[in-house]
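Chemist: Going line by line, the protein sequences match chains P and E.
Start counting the first sequence at 0; every next residue gets the next number (numbering that gives the first Met the number 0).
Start counting the second sequence at 0; every next residue gets the next number (numbering that gives the first Met the number 0).
Since the hints were made in silico from the structure, they are not lab data.
Hints may contain errors.
[As the list claims (entries may be wrong)] In silico DMTMM-like cross-links for lysine to aspartate or glutamate, where the CA-CA straight-line distance does not exceed 25 Å:
#: 1; chain 1: E; residue 1: K136; chain 2: P; residue 2: E314
#: 2; chain 1: E; residue 1: K136; chain 2: P; residue 2: D228
#: 3; chain 1: P; residue 1: K257; chain 2: P; residue 2: D228
#: 4; chain 1: P; residue 1: K199; chain 2: P; residue 2: D228
#: 5; chain 1: P; residue 1: K257; chain 2: P; residue 2: D348
#: 6; chain 1: E; residue 1: K136; chain 2: P; residue 2: E342
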Amino acid sequence: MLSFALALHGITKRFGSNVANDDISLQLHRGEVLGLLGENGAGKTTLINILFGHYVADTGHIEVFGQRLAAGSPRAAIGAGIGLVHQHFTLAPNLTVLDNVMAGTESLWRPVSSRRKAREKLHALSLQFGLAVEPDAKVARLSVGERQRVEILKSLYRGARILVLDEPTAVLTPIEAVSLFEALGRMAAEGLSVILISHKLDEVLRVSGRVAILRAGRVVAVRAAHSVDRSALAELMVGRRVLRPPRQESRAGEPVLKLDKVDTRGGRGTRSLSGADLVVPARQIVALVGVAGNGQRAVIDLACGLAAPRAGILEINGRTIRRASAAGMHAARVARIPEDRHEEGVVGDLRLWENGILEDLDDPRFVRLGWLRLRAARTQTARLIADFDIRCTGTEQRTRLLSGGNMQKLIIGRGLDAEPRLIVACQPTRGLDEGALVDVHTRLLQARQRGAGVLLITEDLDEALALADRIVVIQNGRVSAPMMGPRYDVQRIALMMLGDSETRATSQLDHAH
Amino acid sequence: MRIEPRDHRPALLVVLGISGACLLMLLLGSLLIMSARAPVWASWLALLKGAFGSRLAISEVLTRSTPLILTGLACAVAFRARLWNIGAEGQFYAGALTVAALGAGMLNLPAWLLVPVLLGAGALGGGLYLLGPAMLKHWCNVDDVVTTLLLNFVMLLLVSLLIQGPMRDPMSMGWPQTEPVIDAVMLPKLMSQTRLHAGLAIALGCALLIALVESRSSFGLQRRAVGHNPSAARFAGISATRIAIWTALWSGGLAGLAGAVEVMGLRGYVTGDLSPGFGYTGVIIAMLARLHPAVVPLASFLVAAIFVGADAMGRAFNVPSYIADVMVALSLFVMLATSFVLTYRIRR
């Protein structure tokens with residue numbers, strides 16, 4: 000008899016007048032990897048929240064292995080064997096792997112905890128699915144990829160038979176991603192079911208058996224992965240044809256950003272640079288790729304005027320920078336797109352026009368004798384809204400109410416409007432859907448065509464390969480020599496991105512076999 | 000059950016909420032009056048008459064609200080930038096002492112210059128007294144609630160040291176008070192035969208100026224940006240240190256100005272009881288005004304009316320005038336509850 004691991008029946012969820020999930024029915028087979036695709040706001044997160052009992056659906060119900068799942072109870076979801084691996088990990092960094100996995104599984108009233116049994120179980124699981132971890136290592140010392148494995152093992156340890164992974168590769172290197180996919184394949188082979196939520200179309204196609212596409216709260220298509228291609232999926236997701244922008248030839252100009260044997264101070268949890276050399280010429284896009292936490296933050300801080308070199312020379316447009324000054328960078332026509340939109344890009348509680356001129360408070364166009372020129376400021380932001388197609392209710396809207404893509408457009412618009420000579424783009428498309436991503440890429444390529452140099456700091460290798468004229472790899476605070484495009488040795492780049500911890504874990508896995 | 004912010008506020012809800020809050024206030028106040036064994040209806044009437052019943056009563060309310068407007072602004076300005084200045088009381092005395100020290104004949108300037116100079120000096124005294132805690136918070140992350148609060152007691156002890164020692168007026172027949180400032184320093188009266196003085200105009204002018212600076216100036220926008228999201232402000236090139244220094248000077252300066260105005264408008268000298276808690280009441284007023292500088296004068300008038308009216312009520316029915324303090328505190332709680340209901344809703 001064919002029975003589903005998970006069956007959603009007619010799930011509908013409204014928030015006010017907004018229908019987040021509209022009559023969604025989906026089935027997940029045993030031993031299947033189902034890709035769940037959709038733009039931001041398509042309803043993926045709502046659906047997952049309903050599945051885990053954080054929300055209660057207005058109508059519809061869920062069956063797990065033929066049993067009806069109690070609505071609105073996370074405990075029932077876990078009890079029924081559903082495990083969620085979040086994009087943001089929920090591990091205690093000061094505890095060991097074993098402690099993290101065991102935490103919450105034993106009653107607080109038990110006099111002794113049976114660590115030996117737990118260790119054996121963890122070891123067995125990690126062998127069974129090819130998820131190598133060191134049980135006694137402190138989580139704080141693990142790489143992101145290792146932490147993710149711990150997070151998956153934690154779910155499996157609790158008896159999960161349906162695993163939901165939310166954007167699992169967003170934080171991984173390509174090689175880590177491949178090993179994750181191998182593990183997922185093994186889980187499926189062992190009869191577990193996996194839902195993989197992702198923005199990256201290629202990897203969803205590579206790993207999944209079937210792909211379900213959500214758009215505006217509805218399931219618009221469920222396809223077998225081998226029967227569709229990337230562009231068909233993108234079209235289904237967005238609802239119209241989207242083309243990645245083509246990259247035209249462009250000859251390198253004078254350097255607009257130059258690091259010459261730069262050392263930085265560490266601190267604030269950022270890795271310091273040692274002897275970093277980097278050149279971003281005008282009319283070129285230079286991508287800095289690497290695993291998160293390998294010194295990207297130090298480069299960003301230098302290029303955005305938040306830090307000055309401890310040793311070595313930092314040059315912007317041929318002029319040496321000795322003192323850190325964000326305002327000075329702006330004055331030197333450096334457009335800065337920060338890593339975290341909400342944290343650094345905008346002040347959410349301010350209105351759109353206030354954020355629109357936030358970097359220009361020395362500009363006589365917007366400020367006269369210390370007083371704001373409200374009309375000029377509003378006109379300016381209205382122009383950005385029109386030019387960059389920012390969907391909003393007007394210049395008076397509170398900025399935090401914008402969607403991620405529109406907020407990013409506001410930040411990019413603000414930066415590009417001044418015709419910058421250097422653009423520092425940090426993770427410019429993180430969390431954006433396909434339509435918004437294409438838009439950002441187009442803008443960056445246009446700026447390059449206009450003569451700007453672009454420093455693209457990204458963890459998404461596909462993005463780097465698509466846009467960059469040169470790629471440099473950052474690893475453990477060291478910046479590699481540039482590799483010239485347009486053709487790149489992906490294998491080599493991936494290897495260069497790898498850290499020591501990863502090789503250690505891989506060799507351990509081999510050892511365990 | 001969950002609590003979530005409202006998307007929009009229906010007008011009916013606002014009207015209902017505010018009138019409900021007023022009713023609740025009256026009800027709780029009535030219970031207080033009953034507990035003091037006074038006739039409820041007559042007591043309320045006495046309170047109203049005491050606050051608004053005569054020219055003198057109104058002038059008294061306005062006089063009382065003058066320092067409250069300034070301390071309320073001091074707290075509002077600080078709180079908006081997340082500087083938790085609970086030390087307006089100390090800064091008030093810092094301003095008052097500065098004026099008393101310089102105004103008793105030490106400065107020899109023409110009258111038209113002397114008054115502004117002394118007002119400025121008083122404000123500077125208060126501002127500098129807050130600068131220390133603000134910088135400790137900015138550079139070393141020292142809790143500003145604790146430091147500003149404790150500095151109030153340091154200042155009170157300093158005041159009593161000075162008025163019993165080096166600054167004691169030799170002509171005061173042994174009373175602990177400073178030498179009076181010279182007549183040229185005193186602010187003009189606004190109404191004859193009342194205590195109302197030009198300090199009210201100064202306070203209202205400050206409220207207007209600060210409301211404009213907050214909403215219309217580059218400095219105000221920078222202050223709000225730093226207050227809401229310091230890292231984004233830093234990224235945009237706004238110097239948080241500069242903002243922190245100026246915020247401390249503004250906030251402490253307003254509280255110091257309150258002390259200066261109180262000395263130059265009313266007393267002429269400093270005693271240990273110059274302020275019946277103006278600095279602390281400023282915190283309540285800032286909260287009542289929901290940190291809007293333009294609303295601070297209204298909140299001050301309300302609180303001053305309750306104080307002045309309760310004095311009259313106390314005299315008429317022998318009710319302890321401490322009831323006024325409780326009523327002001329209650330009004331704050333009711334206001335906070337109302338604004339919570341207006342901003343959030345509860346969903347199951």
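Chemist: Each hint needs a verdict: does it hold in this structure or not?
Modeler: So, going through the hints one by one against the coordinates:
1. For the hint linking K136/E to E314/P, the alpha-carbon distance of about 34 Å lies beyond 25 Å, and the restraint is violated.
2. For the hint linking K136/E to D228/P, the alpha-carbon distance of about 57 Å lies beyond 25 Å, and the restraint is violated.
3. Restraint check for K257/P and D228/P: not satisfied, since their Cα atoms lie roughly 41 Å apart, outside the 25 Å limit.
4. With a C-alpha separation of about 13 Å, the suggested pairing of K199/P with D228/P holds against the 25 Å cut-off.
5. Between K257/P and D348/P the alpha-carbon distance is near 36 Å, which puts this suggested pair outside the 25 Å criterion.
6. At roughly 21 Å between alpha-carbon atoms, K136/E and E342/P fall within 25 Å of each other, so this suggested pair holds.
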